[in-house]
Amino acid sequence: MNSALPLTDDDLNAFADNRLTDERARQIAAVLEREPALAARVAEIRRLNAQLRDALDSWLAEPLPRTLITAAKAPRSRRRAGVFRAWPALAAAASLVVGVAIGWQLRGEMLQEAGTPVTFQRQAALTHALYAADANRPVEIWANEEERLVRWLSKRLSFQLHAPNLNTVGFALVGGRLVAGNEKPGAMFMYENADKQRISLLVRKDAERSRETAFRYAQEDGVSVFYWIDDACGYALSGNIDKQQLLSIARVVYGQLAVSEPVAPKN
Amino acid sequence: MSETLPDPDLVAALPRLRRYARVLTGDVNRADDLVQDTLARAWEKRQLWRAGSDLRAWLFTIMHNVHVNQFSIRRRELAESSLDADDGPVAGWQIPVRATQSDRIELNEVLTQIGRLPTDQREVLILAAVEELRYEDIARVQGVPIGTVMSRLNRAREKLRRMNADAHAPFKVVK
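Heads up: the protein sequence lines correspond to chains A and B, in order. Under the working numbering, the first residue of the first sequence is numbered 209, with each subsequent residue one higher. Under the working numbering, the first residue of the second sequence is numbered 210, with each subsequent residue one higher.
Just chain A, with the same shape it has in the complex (with noise of 0.2 Å):
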């Protein structure tokens, strides 16, 4: 594997995939510079991923059927879980009570759970507890392509985003995500600081008309949120630091958001 000529098949799906060693993927990329057509090749089966992920992303977003989550909680915590078991039998009560708020102890599985309605705060607490926990798939699209990120977000939600920056702050993007929604799909844009701690922030547009733009602050399973509503869009910061600090990071969101004036959705 020395030789940097003749380029393998292998060699060029390999350096597509980002596959390679950075050695060997210098070394072809420097082939490639010198031979357009495996270039045009490679930028082709780059393309075809791309599309592929688009293609396939926004089935993630889509709401989970209850058996699938019960199926993927363990045996013998679904015996033991008696509110688990009664679940059934409680949701159909509840759902003759519009808004009535349901299963408290369920935090994950309702947070896709088909015709879960669910607060804009409870969904964004309950978003956040879901993936700043995941250790390998955080978010749907990485940092490293923020712009990838926010077109394809912006092209989900049809309406142009922005993900703040919060270096600030000390907070970095990590990157974000499609999330399932009441009935539209949201954002999530997903921040690290040096300690591992992350906060997230949930963006959906909003079908109520409402211009208030007061920061409103709720705590949800011990997740705090602050969210508001901006120009018919909702946005909900969360995370598991402390409540000033977060409404500090709130207002530089704000602002950032304020300043970059946004394509406002036409309704």
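These aren't lab readings, by the way, just hints derived from the structure by calculation. There could be a bad hint or two in this list.
Claimed, not checked - Heads up, incomplete: computed chain A residues facing chain B, CB under 8 Å, no partners named:
1) Leu260
2) Leu264
3) Leu272
4) Pro273
5) Thr275
6) Ala280
7) Lys281
Each residue gets a CB set at the ideal place from its N, CA and C atoms; glycine is no exception.
With chain A held as given, fit chain B onto it using these hints.
Okay, now just chain B, sitting in the frame of chain A:
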């Protein structure tokens, strides 16, 4: 050794398992059945999971095997004899596109195209391009040597390239 398979992680893996099941079956309902069977199998085999290893790849491996078994049973039921690796495209491939944006046509097109790939090739392509698994892990998922993975990946991309060239023939410069 009995490691504990963490169920929050399994719940978190659900969207990806569902997606992979759709890629394998080409059918939303059959995909959810496959996820269900995979989870049951994962709990049965939880002793085999090593804490700290890639849970996603482990679950994909189980799903691959469950699917291969079910698929071969179905094929036997259909009185088909051959079980060669390069099985044909999924019969009745129908994956809905949820997007409502203007890119719908393009998404539909790419989904239709991957539906025309043999399952093994489609599997490798999605694991490499979308799940971004390492080739070694893909080889483990499919239980084949890494060279097989590479050649399946190459053939999948080559076929898609040709389909694309055909689909956009009037607009493409012929090399």
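Outcome of the hint check:
{"no.": "1", "hint": "Leu260", "result": "holds (5 Å)"}
{"no.": "2", "hint": "Leu264", "result": "holds (5 Å)"}
{"no.": "3", "hint": "Leu272", "result": "holds (6 Å)"}
{"no.": "4", "hint": "Pro273", "result": "holds (6 Å)"}
{"no.": "5", "hint": "Thr275", "result": "holds (7 Å)"}
{"no.": "6", "hint": "Ala280", "result": "holds (4 Å)"}
{"no.": "7", "hint": "Lys281", "result": "holds (5 Å)"}
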